[in-house]
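Colleague: Next come the chains, spelled out residue by residue.
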Amino acid sequence: MKRTPLYAAHQKLGAKLIEFGGWEMPVQYTSITDEHLAVRKAAGIFDISHMGEVSVCGAKAEAFLNQTLTNDLGKLAIGAAQYTLMCNEQGGVIDDLYAYRTGASEFLLIINASRIESDFSWLHSRHAAFDHRNDVILKNISDAMGAVAIQGPRVVDFIDNLSSQPAIGGTMVSRPTQLKKNQIARLQLSITEIWIARTGYTGEDGFEIVAPADSIKAVWNNVLELGRPFGLKPCGLGARDTLRTEVCYPLYGNDLDEETTPIEAGLGFFVSLNKEEFVGRPVLANQKANGVTKKLVAFKMSEKSAPPRPHYPISSAGPKAAKIGEVTSGTQSPSLGIGIGLGYVPPEFAKPQTLIEIEIRGKRAPAIVVPKPIYSRQLIV
Amino acid sequence: MSNIPADLKYAKSHEWVRVSGDLATVGITDHAQHELTDVVFVELPELHKQLKSGDACAVVESVKTASDIYSPVSGQVTEVNKAVVDNPALVNTSPYESGWFYKIKLSNPSEVNSLLGPDQYKAQISAG
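Chains A and B supply the protein sequences, listed in that same order.
Numbering-wise (our numbering), the first sequence opens with residue 1 and increments by one.
Numbering-wise (our numbering), the second sequence opens with residue 1 and increments by one.
It is worth saying that the hints were derived from the structure and are not from the lab.
Careful, some of the hints might be misleading.
[As the list claims (entries may be wrong)] When the alpha-carbon atoms are kept at most 16 Å apart in a straight line, the in silico EDC-like pairs for lysine to aspartate or glutamate are as follows:
1. Lys105/B with Asp22/B
2. Lys139/A with Glu106/A
3. Lys275/A with Glu62/A
4. Lys294/A with Glu326/A
5. Lys363/A with Glu46/B
6. Lys12/A with Glu24/A
7. Lys363/A with Glu43/B
8. Lys2/A with Asp143/A
9. Lys304/A with Glu43/B
10. Lys304/A with Asp86/B
11. Lys16/A with Glu35/B
[Said to hold, decoys possible] Example chain B residues on the side facing chain A (calculated, C-beta under 7 Å, incomplete):
12. Val19
13. Leu23
14. Thr37
15. Asp38
16. Glu61
17. Lys64
[What the hints assert, rightly or not] Derived coverage of chain A by chain B (criterion: at least 3 residues anywhere in the stretch with Cβ under 8 Å from a Cβ of chain B; other residues may be distant):
18. 20-33
19. 303-310
20. 330-336
Where is the CB? At the ideal position from N, CA and C, for every residue including glycine.
With the hints as extra help, turn the sequences into a complete structure.
Modeller: Right, here's the structure in full:
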């Protein structure tokens, strides 16, 4: 199993470690619920060094990526980012990722840990077939980089103390809190340079930092120190999963795979039909125009029950109940105190307020389709 | 370190048994609740159910996973703890007292002798 540069730090903090996508990662330090609520109410820091980074540079980098990804990179100013998807010819999702324009013709892609090899081999073969391949340099820099996510409403109270210097690249802000959502800046941090972006996977305000692997431990320790007075806690993948499920961010391998399209997953907003041809476009355009046969819905258990889990059957409610789908993500919601989940069902069952049932160990428990996100910051005063 | 009361017997699968005559109370250990953390749901055996030792008879759900609980002894269930169903966090806060799972009338009281004593259980969990 692979280990991140923060492995020793996790051990020292008493983390419980699990296997995730080939990596030995902390699932929790104290308790998933405590860590989850720390992020909702104060702040948390996550090791996300397992995630992959790809650098794409050159005069034709934008054209290459725009033919490979579903969103429109033409919309990105220098120092701006977007959520996007990489699809196969059938419109199936190879990966979901974040694309950052770090320079006029320089891009940084942050990809899923479990997909680094698949993504890179796909990008490689696309690159080999690209007319202007000599004007695009593609590099897998995953092993050279570490990353942390710092998330929660109190993060803005201490993140500016990381550096007193203004940005030296990306969005030219004088301090991190001047970044708007989906903006990225390059910062000088003592002897190292880092990227800091106002992005995340929790539904809270926050930042993600990408730094050379040998500097990420210093960043981690520094942030832990700066954030502690504000209630910052180290958080594991357990809380990362419950946080993203509450806000209905898909997880590759659970909610997305090569047999599922972004339109079916409800991610049509990130598929731009107003740009040049890209892989999967004909299928996705057709689905946008004519509809889909399955849709990713969010649901809440209607009463107290065991938490729904991935692969539990979903059935229609009532006397003629029949299996209509499967749970793809499910957990107990620490914020709401009830079971929640995501799953694919035929479109006629996808409307909010539709009653469904989740089969939990042979017994069916009532649930209701709800609008996404299941939880949002405004919901709880 | 885990709390391991001296007056209880233990199963390798982390259940405890408190024996009183031919009646026994069953729950899960402090070590087990600590490993599970954040217990959010408990499903107990039905009242009057006949259990054999080693039967999967209850389920404990944490945020992350569902875990089966195995009956350490054989017999008939005489009482289940409704309080722990209503408030699963009792498993975390009071594993040996208010967080008990069920009471059982022993059909084979000598089974208790083959369970672990506190020192043996301690040795097992410290061996990982």
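Colleague: So which hints don't hold here, by number, going up?
Modeller: Violated hints: 12, 13; rest satisfied.
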